[in-house]
Structure formats: structure tokens, C-alpha cells
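Enquirer: Construct the complete structure from the given sequences, taking the supplied hints into account.
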Amino acid sequence: MSEISELTSLEQATLQELAETIAELEQYRERLENDTLLMAQRAKISKSQALASLKPQLDRIDAQLEALRQQHVTLVEGQ
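For the sequence shown, numbering that gives the first Met the number 0 puts the final residue at 78, and the numbers step up evenly by one.
In case anyone wonders, no lab produced these hints; they're calculated from the structure.
Take these hints with a grain of salt, some might be off.
[Claimed, not checked] Okay, the calculated beta carbon distance ranges per label pair:
1) Gln63 x Gln11: 33 to 39 Å
2) Pro55 x Gln26: 17 to 23 Å
3) Gln11 x Gln48: 44 to 50 Å
4) Arg30 x Ala66: 28 to 34 Å
5) Ser47 x Gln11: 17 to 23 Å
6) Arg68 x Leu31: 16 to 22 Å
7) Ala22 x Glu76: 16 to 22 Å
8) Pro55 x Thr20: 18 to 24 Å
We put the beta carbon where it would ideally sit given N, CA and C, even for glycine.
Expert: This is how it looks when you write it as C-alpha cells:
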């Protein structure tokens with residue numbers, strides 16, 4: 000019985016950590032995009048040019064976010 004409650008406790012910690020990681024990565028993505036656009040504006044670089052150079056990084060972050068979200072769903076459904 001103790002082992003089951005410990006496992007549930009670990010799953011909850013993992014779910015919470017995963018949710019926090021997703022939130023932090025979403026905030027990082029938003030900050031990266033906003034900061035890049037601000038710097039581009041100051042450097043008089045077009046928004047489309049700045050976003051084009053940032054796109055590979057944003058795509059990687061989006062892929063990581065999708066994987067983390069899927070992992071979160073899998074853990075939630077497994078409970």
C-alpha cells in the first residue's frame with residue numbers, strides 16, 4: 000500500500016514539474032520573440048527579416064513544447 004502512495008506521489012511531482020517546464024518554455028519562447036523584435040526595431044531591421052532569422056529556433060522550441068505537452072497528456076491519461 001505504501002508503494003502505491005509513493006508512486007502516486009512521484010507521478011504528481013512529475014506532472015507538476017512537467018507543467019512548470021512547459022510554462023517556463025512558453026514564457027521563454029514569448030520573451031525570445033519579443034526581445035528579438037524589439038532589437039530588430041532598434042536596429043531598423045524589418046519584422047519579417049527578424050522573424051525569418053528566428054524561425055529555426057522558434058520551430059525547435061515549438062517541437063519541444065509539443066513533445067512535452069504530449070508527454071503530459073500521456074501521464075495524465077495513465078493515472
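Enquirer: Hint says 17 to 23 Å; check whether the CB-CB distance for Pro55 and Gln26 agrees.
Expert: Distance hint for Pro55, Gln26 holds at roughly 20 Å.
Enquirer: State, for the Cβ atoms of Arg68 and Leu31, whether the hinted interval 16 to 22 Å holds or is violated.
Expert: holds, 19 Å
Enquirer: Between Gln63 and Gln11, does the beta-carbon spacing fit 33 to 39 Å?
Expert: Given about 23 Å between the Cβ atoms, the range is violated.
Enquirer: CB of Pro55 to CB of Thr20, is that within 18 to 24 Å?
Expert: holds, 21 Å
Enquirer: Could you tell me whether the CB distance from Ala22 to Glu76 stays inside 16 to 22 Å?
Expert: holds, 20 Å
Enquirer: Has the hinted range 44 to 50 Å been met by the Cβ atoms of Gln11 and Gln48?
Expert: holds, 45 Å
Enquirer: Evaluate the given range 28 to 34 Å for the C-beta pair formed by Arg30 and Ala66.
Expert: violated, 20 Å
Enquirer: Are Ser47 and Gln11 spaced within 17 to 23 Å by their CB atoms?
Expert: violated, 44 Å
Of the numbered hints given earlier, the model fails hints 1, 4 and 5; all others are met.
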